[in-house]
Amino acid sequence: MPHTLAEKILIAHSEVEDLAPGDIVQVRCDLVLANDVSGPVAFTAMERMGADRVFDPDKVVMVADHFMPAKDVRSAELQQRLREWSHRQGVHFFDQGRGGIEHAVLIEEGFVVPGMVIAGGDSHTCTYGAVGAFGTGLGSTDIACCLALGEFWQSVPGTIRVELEGRPAPFVTGKDVILAVLSQIGVAGGTGKVLEFSGPGAASLTMDERRAAANMAVEAGAETGLFPADEVTAAYLDGRAGRAWEVLRSDPDAELAGRLGVDLGGLEPLVARPPSPGNVAPVAEAAGRPVHQVYIGNCANGTITDLRQAAAVMKGRKVQRGTRMIVVPSSQRVYRQALREGLLEIFLDAGAVVSTPTCGACFGGHMGILAPGEVAVATTNRNFTGRMGSDRAEVYLANAWVAAAAAVAGEIVDPAAVVGEGSP
Amino acid sequence: MILDGTAVVIDADDVNTDLLYPGPYLNIDDPEQMKHHLFDGLDPSLRGELTGDTVLVVGENFGGGSSREHVVLAMKAWGVRAVVGRSFARIFSRNGINLGLPVITCPEAVAAARPGSAIRIAAERGLVEVDARRFQVPPLPPFVLDMVRRGGLVPWVRARLAERG
Numbered sequence: 014m015p016h017t018l019a020e021k022i023l024i025a026h027s028e029v030e031d032l033a034p035g036d037i038v039q040v041r042c043d044l045v046l047a048n049d050v051s052g053p054v055a056f057t058a059m060e061r062m063g064a065d066r067v068f069d070p071d072k073v074v075m076v077a078d079h080f081m082p083a084k085d086v087r088s089a090e091l092q093q094r095l096r097e098w099s100h101r102q103g104v105h106f107f108d109q110g111r112g113g114i115e116h117a118v119l120i121e122e123g124f125v126v127p128g129m130v131i132a133g134g135d136s137h138t139c140t141y142g143a144v145g146a147f148g149t150g151l152g153s154t155d156i157a158c159c160l161a162l163g164e165f166w167q168s169v170p171g172t173i174r175v176e177l178e179g180r181p182a183p184f185v186t187g188k189d190v191i192l193a194v195l196s197q198i199g200v201a202g203g204t205g206k207v208l209e210f211s212g213p214g215a216a217s218l219t220m221d222e223r224r225a226a227a228n229m230a231v232e233a234g235a236e237t238g239l240f241p242a243d244e245v246t247a248a249y250l251d252g253r254a255g256r257a258w259e260v261l262r263s264d265p266d267a268e269l270a271g272r273l274g275v276d277l278g279g280l281e282p283l284v285a286r287p288p289s290p291g292n293v294a295p296v297a298e299a300a301g302r303p304v305h306q307v308y309i310g311n312c313a314n315g316t317i318t319d320l321r322q323a324a325a326v327m328k329g330r331k332v333q334r335g336t337r338m339i340v341v342p343s344s345q346r347v348y349r350q351a352l353r354e355g356l357l358e359i360f361l362d363a364g365a366v367v368s369t370p371t372c373g374a375c376f377g378g379h380m381g382i383l384a385p386g387e388v389a390v391a392t393t394n395r396n397f398t399g400r401m402g403s404d405r406a407e408v409y410l411a412n413a414w415v416a417a418a419a420a421v422a423g424e425i426v427d428p429a430a431v432v433g434e435g436s437p
Numbered sequence: 002m003i004l005d006g007t008a009v010v011i012d013a014d015d016v017n018t019d020l021l022y023p024g025p026y027l028n029i030d031d032p033e034q035m036k037h038h039l040f041d042g043l044d045p046s047l048r049g050e051l052t053g054d055t056v057l058v059v060g061e062n063f064g065g066g067s068s069r070e071h072v073v074l075a076m077k078a079w080g081v082r083a084v085v086g087r088s089f090a091r092i093f094s095r096n097g098i099n100l101g102l103p104v105i106t107c108p109e110a111v112a113a114a115r116p117g118s119a120i121r122i123a124a125e126r127g128l129v130e131v132d133a134r135r136f137q138v139p140p141l142p143p144f145v146l147d148m149v150r151r152g153g154l155v156p157w158v159r160a161r162l163a164e165r166g
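These protein sequence lines are chains A and B, in that order. Residue numbers for the first sequence follow the numbering used here, beginning at 14 and rising by one. Residue numbers for the second sequence follow the numbering used here, beginning at 2 and rising by one.
I should point out that these hints are in silico values taken from the structure, not numbers from a laboratory. The structure displayed is predicted, hence computed values, not measured ones. Any given hint might turn out to be false.
Unchecked claim - Just a few of them, taken from the derived set where beta-carbon distance is under 8 Å, the chain A residues facing chain B:
{"no.": "1", "residue": "Val50"}
{"no.": "2", "residue": "Pro53"}
{"no.": "3", "residue": "Met62"}
{"no.": "4", "residue": "His79"}
{"no.": "5", "residue": "Ser136"}
{"no.": "6", "residue": "Gly152"}
{"no.": "7", "residue": "Trp166"}
{"no.": "8", "residue": "Val200"}
{"no.": "9", "residue": "Thr204"}
{"no.": "10", "residue": "Gly205"}
{"no.": "11", "residue": "Gly234"}
{"no.": "12", "residue": "Phe397"}
{"no.": "13", "residue": "Gly399"}
Claimed, not checked - Covered stretches of chain B (chain A as the covering partner; in silico rule of three or more C-beta atoms under 8 Å from a C-beta of chain A):
{"no.": "14", "segment": "20 to 31"}
{"no.": "15", "segment": "67 to 77"}
The beta-carbon is built from N, C-alpha and C at its ideal position, and this holds for glycine as well.
The shape of chain A in the complex, shown without the other chains (with noise of 0.2 Å):
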């Protein structure tokens, strides 16, 4: 029977010999994902499990990133937990200025190849789709449960799949192509769902693209959002990836639950505007709006393509008075990889700050929340009333070309207004 490359993945995790979308089934883990806020949650149920080991230490990862460094005594206890419990467990564990945020650490540090099964207490857990692995987001017991028996369950999932056609355009990147897909399924068109991503566009998106793009499959409601390994993959993991990995693609006769197509080429840069990331435009069309606040970083878009970008606005230009600008590399690699190419210093010439790794803002937590009237442009995932601090403040999702020209112009603007058409 022919199978998609998600029936497959679960298939070689399962003990089932077939499987179907809605199907429920018992998924082996392959690395086992928690942090400062999942994390602490799921050891009380695996007490109350009755659990004391973990399955496989050498299977789990902490890290230490949504409210590091810490923001208050509240979130220094659930650090010091989080620190103790994994040294106690022999676990992977990534304190504070050793590794940054979950997603960026496992992937730029080699955890995550093609075919695996990644269970991880954070919903952007679906970002190691890049990789062509299966990551999904799981609460705190899920998590318990998966600590204790190395498995979780799961409903089989039907797969959508994004065909991507073309070359991006400049200023059009993997951010755009995640935004334009939520702009034809909305934020529930991928419940129950894996995102597949294929077709011949997706050579031209580079890894760090890739991994903008899978981290929203959440944001349309999608398990993960998957693309397969290919040359892109290959050289990224080359040097880099700890463990052998074979290629699984789709069969091409398998059955999918939906189909849909971005067109690269046609695509412009686009945003989502509050308060959903669904509710997506092209930039034109919010032109001119304000902005108080710059936010570039957070798992989607703290790479150093981001940065790369963000820089390439900002050399010799100053971020507007009354606009404030935050840059957040997503990992300590990428902080120190910007440090040698010189990127922060081209962000504080601008008069832009910069911060360690961290969740931070973009969940609303720390180190650059928003006033009631205050709009932002940030480069993070999700533009809920609320998700960056006050509820009357405005979010607007954009990639990081767009992001660093709204801090230049101090309002939101089309980058080649600001850089000059086509000069990336």
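With chain A's structure known, arrange chain B on it following the hints.
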């Protein structure tokens, strides 16, 4: 398994996790403290309607966004007994089931329910009653039903570990 309760209606679609339980309070890990922030982004006064026998009645795509289990833990801390909705986001629905909170998709029951309606749920039979009007839904899959009946994933895993010895 029959469950009775009183409807508290959240008459909106796409009510996301950040509205249900905002990010700044994610550094709380005790459900008794979490509960004071449930619905903070939506309407904190809704908490006053949770009288210990509540069945929440909700719209489309309820609980989308974050994986934060704080939402369900806070609901449980207020004694919420079940959630009946037009449709649910996946992680919210999993979190509910895992914590023994039945999450039932039944648009017809939502349409019929008013604040204060008497709701009865017979999960095995796929029956939802709203003020004695009966609606049929597909029964929960056996695995899910088994877990909800045991009280959630914690007792389920405890039983699995005991079997292993």
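Is the hint on Trp166(A) kept, meaning its closest Cβ partner in chain B is under 8 Å away?
holds (7 Å)
Open item on the list: Interface hint check: Gly152(A), Cβ to nearest Cβ on chain B, cutoff 8 Å. Holds or violated?
Closed with: Constraint on Gly152(A) satisfied, holds at 4 Å.
Check, residue by residue, whether the segment 20 to 31 of chain B contains three or more positions whose beta-carbon lies closer than 8 Å to a beta-carbon of chain A, and give the verdict. holds (count 8)
Pro53(A) as an interface hint toward chain B, with CB separation required under 8 Å: holds (5 Å)
For the hint on Met62(A), does the least C-beta distance to chain B fall short of 8 Å?
OK, holds: Met62(A) within 8 Å of chain B, min 4 Å.
Taking 8 Å as the limit, does the beta-carbon of Phe397(A) come near enough to a beta-carbon in chain B?
holds (4 Å)
Next on the checklist: Hint Gly205(A) vs chain B: min CB-CB distance below 8 Å?
Outcome noted: Since the shortest Cβ distance to chain B is 6 Å, the answer is holds.
Interface hint compliance - His79(A) to chain B, C-beta minimum distance less than 8 Å
holds (7 Å)
**Asked** Taking the least C-beta to C-beta distance, is Val200(A) closer than 8 Å to chain B?
**Response** Constraint on Val200(A) satisfied, holds at 6 Å.
Original post:
Against chain B, with CB atoms and a cut of 8 Å, does the hint on Val50(A) hold up?
Top reply: Holds, because the Cβ-Cβ distance from Val50(A) to chain B comes to roughly 5 Å (cut-off 8 Å).
Exercise. Measuring from the C-beta of Ser136(A) to each C-beta in chain B, is the shortest one below 8 Å?
Worked result: Interface hint status for Ser136(A): holds (4 Å vs cutoff 8 Å).
Would the hint on Thr204(A) stand, with a C-beta cut-off of 8 Å toward chain B? Where the cut-off is 8 Å and the nearest Cβ of chain B is about 6 Å from Thr204(A), the hint holds.
Going through the hint list in order, the structure satisfies each hint without exception.
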